[in-house]
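Trainee: Each chain, letter by letter, is given below.
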Amino acid sequence: MFAYEFMQNAFMASTFIAITCGLVGVFVSARGMSFLSHTLSEVGFAGAAFAVFAGISPLVGMLLFTIVSSIAVGKLSVKASRREASISAVSSLFVGLGILFLSLSDSSSSYATTILFGSIVGISRGDVWQLVGLAGAVLVTLCFGFRSLAFDSFDPDGARAQGLPRNLLSIYFLLILAVSVSIGAQIVGSLLVFILLTLPSAAAKYLGHTLPAMLAISVGAALIGVWLGLYLGYITNWPVTFFIAAIEFGFYFIALGIRRLRD
Amino acid sequence: MSSALISINHLRFGFHDRPLYSDLNFTLAQGSLTSLIGANGVGKTTLVRLIMGELQPVGGTITRMPGLRLGYVPQFRNIDSEYPLTIRSFVQLNQHGLWPWHTRAEKQALDAVLKQTELTERQHQLIGQASGGEKQKAYLAQALLTAPNFLILDEATASLDVNTKTELMSLVRQLNRNSGLTVLFITHDLQLAREYTDQYLLLTPDDYELKPTSAMDMAKMPPELQPAEEVQ
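Chains as they are written, first to last, in the working numbering: chain A, 1 to 263; chain B, 1001 to 1232.
Bound conformation, chain A alone (with noise of 0.2 Å):
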């Protein structure tokens, strides 16, 4: 299987992804932010379809509107009561124009169906190094407001009291969620790409009790996750996402079962 140069590539590609999406994903589900990294997968949708119509690389496309529109949530839903219709409202919009852009570019639906739904072995040795750069980018980046962004995640109430910049790190965190957003995309397509960002995470949430175990736990479940989807659509034939999706689904309601037979 690792003679071909196009799964090499897929099995760099996911590695670099599955770690940070594994990562970025136990914040997510901390802020209660499952539904906002959908509607950022949407967006990502939109992103490539413009890329497409103005004649960019699709990832710069996605870059360029998922950071804009989460900045754009960011700043519209200060009221968290809020929040759900600012996000509502950024996703529709975003969903249109990405149909307008896919329209006006004449593309053909077999593209569409590309950014949607990913298409991990068809990623060149280029992207592989792109993908890995912006990995390590998000990864730093997250190294450093590390703390402060755990307090503000699992203890808003007690990040307040203690006078931390709130607002700043809400911004700080959903660029960190764009960018987790348009490279996840790349493996698992934009539709799902909030697969990896929600179910390991929300799997670690039930077994993992502290935060460097639920980190822990929720990479090795995005890991085994795309490592063994990849190795089962190289066998079957069949879409690598729709194994990703099954296995983290998999992890996910097992360890809720776990957590149940706990209590």
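Since the hints were derived computationally from the structure, they do not count as laboratory data.
Please read these numbers as outputs of a predicted model, since none were measured by experiment.
One thing to keep in mind: the hints can contain errors.
Said to hold, decoys possible - Which residues of chain A face chain B? A few of them, derived with a C-beta cut under 10 Å, are:
| id | residue |
| --- | --- |
| 1 | Ser29 |
| 2 | Ala159 |
| 3 | Pro212 |
Unchecked claim - Only pairs whose alpha carbons sit at most 25 Å apart, straight line, appear in this in silico SDA-like list of lysine to any residue:
| id | chain 1 | residue 1 | chain 2 | residue 2 |
| --- | --- | --- | --- | --- |
| 4 | B | Lys1135 | A | Arg262 |
| 5 | B | Lys1115 | A | Asp157 |
| 6 | B | Lys1115 | A | His209 |
| 7 | B | Lys1211 | B | Arg1064 |
| 8 | B | Lys1107 | A | Leu142 |
| 9 | B | Lys1135 | A | Gly32 |
| 10 | B | Lys1107 | B | Gly1180 |
Ideal placement from N, C-alpha and C gives every residue a C-beta, glycine not left out.
Take the given structure of chain A and dock chain B to it, following the hints.
Mentor: Leaving out everything else, chain B in the frame of chain A:
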């Protein structure tokens, strides 16, 4: 006499159409243990926010002693039964080192605070499944982790049963006596204020008083603060 940690002089503050204080004057001495009492809406939390510097006075001054390190334990926390972290991990959130991993010195400081708040044995319990008293102790421990010399507790005992209240207040008083921690304890509970704090600051809609709790005259306290009469 010990020096003043906080001095409030001619403080005036209010929100738009609702004046709260017109001329508030008091000092909190280093090492004092004070309860802040008053009915709902009289401006207890607002006063705390002014002391913390979150709000600016309309008139007058608030002088903070140089070197003041303030710890605040807020009234509300959103911890449900599915909350993932243990007591230890929760308390640890308030350590602000640059790197994600904790140093040995940080772990030692955490151990010391857990011991001080009598949580050592229960530190690996999930906080979402801990008792109300353990939760409050964990909130207290988290605030103590930055080694404050002035601690503000906002209605910390509001949701606790009598025994747990007593236990928590004994702990707070112990911290005050042993470590010289200055404490401002916001409460509705006159009995608790009288029993466990040295002085009280009573806010009423048009006045205030700061007196030793030994001089507290229950009969003269605002009716909203009177303990509920026991049903026979």
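Trainee: Taking the hints in turn, state whether each one holds.
Mentor: Outcome of the hint check:
Proximity of Ser29 (chain A) to chain B holds as hinted, the smallest CB-CB distance being about 9 Å (cut-off 10 Å). Residue-level restraint check for Ala159 (chain A) holds (minimum Cβ-Cβ distance to chain B is 8 Å; threshold 10 Å). Checking Pro212 (chain A) against chain B by beta carbon gives a least distance of about 8 Å; that is within 10 Å, so the hint holds. Distance restraint check for Lys1135 (chain B) and Arg262 (chain A): the Cα-Cα separation of roughly 21 Å lies within the 25 Å cut-off, and the hinted pair is therefore satisfied.
The hinted pair formed by Lys1115 (chain B) and Asp157 (chain A) meets the criterion: a straight-line CA distance of about 24 Å does not exceed 25 Å. In summary, the hint linking Lys1115 (chain B) to His209 (chain A) is supported, as the alpha carbons are separated by about 20 Å, within the 25 Å threshold. For the given pair, Lys1211 (chain B) sits about 21 Å from Arg1064 (chain B) by alpha-carbon distance, which is consistent with the 25 Å threshold. Straight-line distance between C-alpha atoms of Lys1107 (chain B) and Leu142 (chain A) comes to about 22 Å, which keeps the hinted pair within the 25 Å bound.
Simply put, Lys1135 (chain B) and Gly32 (chain A) have alpha-carbon atoms about 22 Å apart, close enough for the 25 Å limit, and the pair holds. Our distance criterion of 25 Å between C-alpha atoms is met by Lys1107 (chain B) and Gly1180 (chain B), whose separation comes to about 23 Å.
Checked against the numbered hints above, the structure breaks none of them.
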